[in-house]
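Number of protein chains: 2
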Amino acid sequence: MVFWKRLFNNTTPATTSQYPQFPGELVEVSKDGSGQSQIVFSTDRDIDLYELEELCDSVGWARRPLRKVKKALDFSFLVGSMWEIRGNRRRLIGFARATSDHAFNATIWDVVVHPSYQKKGLGKLLMKYMIKKLRSEDISNITLFADPQVIDFYRRLGFMLDPEGIKGMFWYPD
Amino acid sequence: MVFWKRLFNNTTPATTSQYPQFPGELVEVSKDGSGQSQIVFSTDRDIDLYELEELCDSVGWARRPLRKVKKALDFSFLVGSMWEIRGNRRRLIGFARATSDHAFNATIWDVVVHPSYQKKGLGKLLMKYMIKKLRSEDISNITLFADPQVIDFYRRLGFMLDPEGIKGMFWYPD
Ligand SMILES: CC(C)(COP(=O)(O)OP(=O)(O)OC[C@H]1O[C@@H](n2cnc3c(N)ncnc32)[C@H](O)[C@@H]1OP(=O)(O)O)[C@@H](O)C(=O)NCCC(=O)NCCS
Ligand SMILES: CC(C)(COP(=O)(O)OP(=O)(O)OC[C@H]1O[C@@H](n2cnc3c(N)ncnc32)[C@H](O)[C@@H]1OP(=O)(O)O)[C@@H](O)C(=O)NCCC(=O)NCCS
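Taken in sequence, the protein lines are chains A and B. The opening position of the first sequence corresponds to residue 1 in the UniProt record's numbering, with each subsequent residue numbered one higher. The opening position of the second sequence corresponds to residue 1 in the UniProt record's numbering, with each subsequent residue numbered one higher.
Isolated chain A, as found in the complex (with noise of 0.2 Å):
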């Protein structure tokens, strides 16, 4: 964890406008053996669905059709996604949207950190990156769905169960 230095707390974010190749937040500076590299937060819904579908698949979620997919992130009221950055290179490292009614709502949809950058924080400072953006829209009830081994992980962000006895429900086709 002591691997990344956080910029993301700093009171104002640095941008990647000295990376002009890339529209997006940089948060996190790396220095590995390989060289320096950048995580970068960004809201471009431009995002390769193929590379998108191969995060999934790297967590082993079920494919969906590519053009419901498209039709999803166009329709998300705000898409996140979070990159590293090598050089010239970038990498589709991890993934979440939200879906809301502009005013009072927002539903968080698809969180996902790429298996080999889990447990260093990402996920966290990805969550973060929603929240922060949900608030600066006026958004302040933001909900989501998780999986029961991921309840801790959301828990963690502030996120409560059942508050006042609220509880999710869900209806699928027989």
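Take these hints with a grain of salt, some might be off.
Identical chains share a label here; the pair holds if one copy fits it or two copies do between them.
Straight line, CA to CA, 25 Å or less: simulated DSS-like cross-link-like pairs of lysine-lysine [claimed, not checked]:
1. Lys167 with Lys119
2. Lys68 with Lys132
3. Lys132 with Lys120
4. Lys68 with Lys120
5. Lys119 with Lys71
6. Lys68 with Lys119
7. Lys132 with Lys119
8. Lys70 with Lys133
9. Lys133 with Lys119
10. Lys133 with Lys120
11. Lys119 with Lys70
12. Lys133 with Lys71
13. Lys124 with Lys68
14. Lys120 with Lys70
15. Lys167 with Lys128
16. Lys71 with Lys120
Hints in this document: simulated from the structure, not taken from any laboratory. Note that the coordinates shown come from a computational prediction; the quantities given were computed from them, not determined experimentally.
Place chain B with the ligands on chain A using the hints.
For chain B with the ligands alone, coordinates are given in the frame of chain A:
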């Protein structure tokens, strides 16, 4: 309950094209002492915000800025309303809306039936109308967040709590 004549499960719902003043689907016809009335469902977004506020007031919900309510209606994927029509008078008696990514997921919010019209099966019809509309748009994952006192209401409609341990979680600003 027998008071209402159900038209909802007919193959093609009767439309109110015979009532040109109102775009919607005729769902119920009832006769009581004061003459015939129709219950009509609509997805028209052109709802008087004051009339909606009155409906929400009637079940004790906290007031919300009308400017934000307007925005939320504009950016909801589906807005369902339920009206009682007597002669050429119409009254808003039920409401629900859904956010969505237009592809996979929808989340239903703000389900309400006016207290004078509750416990007659109309809330159930309103929810079936919402589900039907979402299904017709090929949305298969319908979710909502239920207050504790209405969990059974949704359960009767086929909504499940925690399928495979998935749980709804909430984040609010401090
Ligand atoms: C869930 C996921 C996004 C977490 O990403 P990550 O980068 O590994 O998480 P972080 O390293 O930022 O962890 C942040 C904190 O949560 C904890 N945490 C991470 N995963 C956890 C888990 N599955 N259960 C409990 N705690 C977890 C970490 O220990 C860390 O705790 P700390 O702040 O006390 O150090 C990632 O594991 C993933 O993509 N999983 C597969 C897809 C998935 O299940 N997505 C969620 C669907 S609802
Ligand atoms: C919840 C609400 C929409 C239900 O509307 P309604 O028109 O009274 O419901 P219906 O008459 O269609 O009831 C359908 C079925 O659910 C049952 N039901 C209704 N309200 C219920 C409740 N609060 N708890 C348990 N069961 C309930 C009915 O008995 C009926 O059962 P049946 O099919 O076996 O006969 C309405 O009570 C309401 O607007 N409440 C205030 C606002 C609110 O709480 N909204 C939900 C926020 S999450």
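Now the hints, each set against the structure:
no.	hint	verdict
1	Lys167 with Lys119	between (29 Å within a copy, 22 Å between copies)
2	Lys68 with Lys132	between (27 Å within a copy, 20 Å between copies)
3	Lys132 with Lys120	within (20 Å within a copy, 44 Å between copies)
4	Lys68 with Lys120	neither (31 Å within a copy, 38 Å between copies)
5	Lys119 with Lys71	neither (31 Å within a copy, 39 Å between copies)
6	Lys68 with Lys119	neither (30 Å within a copy, 39 Å between copies)
7	Lys132 with Lys119	within (21 Å within a copy, 42 Å between copies)
8	Lys70 with Lys133	both (21 Å within a copy, 22 Å between copies)
9	Lys133 with Lys119	within (23 Å within a copy, 41 Å between copies)
10	Lys133 with Lys120	within (22 Å within a copy, 43 Å between copies)
11	Lys119 with Lys70	neither (29 Å within a copy, 42 Å between copies)
12	Lys133 with Lys71	both (21 Å within a copy, 18 Å between copies)
13	Lys124 with Lys68	neither (27 Å within a copy, 30 Å between copies)
14	Lys120 with Lys70	neither (29 Å within a copy, 42 Å between copies)
15	Lys167 with Lys128	both (23 Å within a copy, 20 Å between copies)
16	Lys71 with Lys120	neither (31 Å within a copy, 39 Å between copies)
The earlier numbered hints that this structure contradicts are 4, 5, 6, 11, 13, 14, 16.
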